[in-house]
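Engineer: Sequence:
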Amino acid sequence: MKYLSVMLGVFLMFSCKNEVKKNEIESLTASEIIDKSIAIAGGEMLKRSTIKFHFRDYRYTAIRVKGKFRYTRFKVANNGDSILDILKNEGFRRYVNMRQVKVEDSMVLKYSASVNSVHYFSVLPHGLNDKAVNKKLVGEEQIKGKAYYKIEVTFNKNGGGEDFEDIFIYWINTETYKPDYLAYSYNEDDGKGMRFRKAYNERFVEGLRFVDYNNYKSENPKTKLNDLAKAFDNNQLKLLSKIELKQIEVDLIDL
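Residue numbering for the sequence shown follows the UniProt record's numbering, starting at 1 and increasing by one per position.
Honestly, the hints are just simulated from the structure, not real lab data. Take these hints with a grain of salt, some might be off.
[Stated by the list, open to error] Restricting the straight-line Cα-Cα distance to at most 30 Å, the calculated cross-link-like pairs of lysine-lysine (BS3-like) are:
{"id": "1", "residue 1": "K224", "residue 2": "K144"}
{"id": "2", "residue 1": "K135", "residue 2": "K198"}
{"id": "3", "residue 1": "K68", "residue 2": "K157"}
{"id": "4", "residue 1": "K88", "residue 2": "K242"}
{"id": "5", "residue 1": "K224", "residue 2": "K146"}
{"id": "6", "residue 1": "K131", "residue 2": "K66"}
{"id": "7", "residue 1": "K135", "residue 2": "K222"}
{"id": "8", "residue 1": "K230", "residue 2": "K136"}
{"id": "9", "residue 1": "K135", "residue 2": "K157"}
{"id": "10", "residue 1": "K150", "residue 2": "K135"}
{"id": "11", "residue 1": "K135", "residue 2": "K224"}
{"id": "12", "residue 1": "K102", "residue 2": "K75"}
{"id": "13", "residue 1": "K110", "residue 2": "K224"}
{"id": "14", "residue 1": "K198", "residue 2": "K136"}
{"id": "15", "residue 1": "K246", "residue 2": "K52"}
{"id": "16", "residue 1": "K75", "residue 2": "K47"}
{"id": "17", "residue 1": "K66", "residue 2": "K135"}
{"id": "18", "residue 1": "K75", "residue 2": "K110"}
{"id": "19", "residue 1": "K157", "residue 2": "K136"}
{"id": "20", "residue 1": "K222", "residue 2": "K146"}
{"id": "21", "residue 1": "K230", "residue 2": "K36"}
{"id": "22", "residue 1": "K47", "residue 2": "K88"}
{"id": "23", "residue 1": "K36", "residue 2": "K66"}
{"id": "24", "residue 1": "K136", "residue 2": "K242"}
[As the list claims (entries may be wrong)] Derived Cβ-Cβ restraints for the label pairs, each shown as a range:
{"id": "25", "residue 1": "G145", "residue 2": "G193", "range": "27 to 33 Å"}
{"id": "26", "residue 1": "K224", "residue 2": "K110", "range": "23 to 29 Å"}
{"id": "27", "residue 1": "V96", "residue 2": "Q236", "range": "43 to 49 Å"}
{"id": "28", "residue 1": "E244", "residue 2": "E219", "range": "19 to 25 Å"}
{"id": "29", "residue 1": "E175", "residue 2": "D254", "range": "31 to 37 Å"}
{"id": "30", "residue 1": "E175", "residue 2": "A77", "range": "44 to 50 Å"}
{"id": "31", "residue 1": "Q236", "residue 2": "N89", "range": "41 to 47 Å"}
From the three backbone atoms N, C-alpha and C, an ideal C-beta is built for every residue, glycine too.
Using the sequences and the hints, build the whole thing.
Structural biologist: Set out below in structure tokens:
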């Protein structure tokens with residue numbers, strides 16, 4: 001009887017601990033989950049950093065310090081001209097052969113969105129706490145046998161950029177708090193659609209987390225954004241491209 005009492009006590013103790021842990025998980029908000037994810041990815045260090053990397057034909061540089069940012073991309077065109085795009089808090093500028101050129105307003109929006117997009121994806125989940133971001137925990141979902149928080153992200157028109165109507169979904173691992181998958185819908189001049197991305201090749205450079213992505217699309221026009229993870233889990237998505245950052249360099253700025 002004494003043995004049974006001890007075993008019952010141990011069982012109740014572990015049951016209570018598991019119940020507390022379960023309750024803690026269930027009580028997490030979308031903002032708290034994102035906060036944990038950002039902390040694991042390097043946290044506040046990003047806000048005082050210079051990051052350089054190659055992506056496709058361009059060399060990108062991002063300087064972030066005390067709320068100010070300077071995003072650039074640079075390439076040498078086939079005709080030998082150098083093209084430098086600079087996006088700052090104050091606006092966008094383009095330089096050809098180191099001379100500033102006039103850019104039509106419509107193209108300023110297009111170029112700005114293009115530059116910002118690459119820098120945005122390069123440091124996810126950083127950026128998900130920006131003022132224009134709206135986060136909503138819409139549930140949990142299993143992908144390839146692992147549990148994920150499913151967080152929907154939308155943007156305010158004011159401060160949300162040209163593509164503020166885009167909708168994102170992030171699947172954040174319930175154990176590691178890392179965003180292993182994301183999906184988004186887009187509506188642009190050349191069409192609309194959806195993409196699903198799987199993170200791979202995780203590495204940390206000076207404490208900041210970087211990943212590459214396999215970029216997928218659905219060939220079923222009836223597939224909804226909310227169902228892309230299920231389609232991926234069932235091997236129903238087509239690999240479209242790879243998003244690879246190369247030659248990453250990080251310098252942390254002393255403030």
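Engineer: Compare the structure with each hint and give your call.
Structural biologist: A quick look at each hint next to the structure:
no.	hint	result
1	K224 to K144	holds, 19 Å
2	K135 to K198	holds, 20 Å
3	K68 to K157	holds, 21 Å
4	K88 to K242	holds, 28 Å
5	K224 to K146	holds, 22 Å
6	K131 to K66	holds, 16 Å
7	K135 to K222	holds, 25 Å
8	K230 to K136	holds, 19 Å
9	K135 to K157	holds, 15 Å
10	K150 to K135	holds, 10 Å
11	K135 to K224	holds, 19 Å
12	K102 to K75	holds, 18 Å
13	K110 to K224	holds, 26 Å
14	K198 to K136	holds, 21 Å
15	K246 to K52	holds, 9 Å
16	K75 to K47	holds, 26 Å
17	K66 to K135	holds, 24 Å
18	K75 to K110	holds, 17 Å
19	K157 to K136	holds, 17 Å
20	K222 to K146	holds, 26 Å
21	K230 to K36	holds, 25 Å
22	K47 to K88	holds, 15 Å
23	K36 to K66	holds, 22 Å
24	K136 to K242	holds, 28 Å
25	G145 to G193: 27 to 33 Å	holds, 28 Å
26	K224 to K110: 23 to 29 Å	holds, 28 Å
27	V96 to Q236: 43 to 49 Å	holds, 44 Å
28	E244 to E219: 19 to 25 Å	holds, 23 Å
29	E175 to D254: 31 to 37 Å	holds, 34 Å
30	E175 to A77: 44 to 50 Å	holds, 46 Å
31	Q236 to N89: 41 to 47 Å	holds, 42 Å
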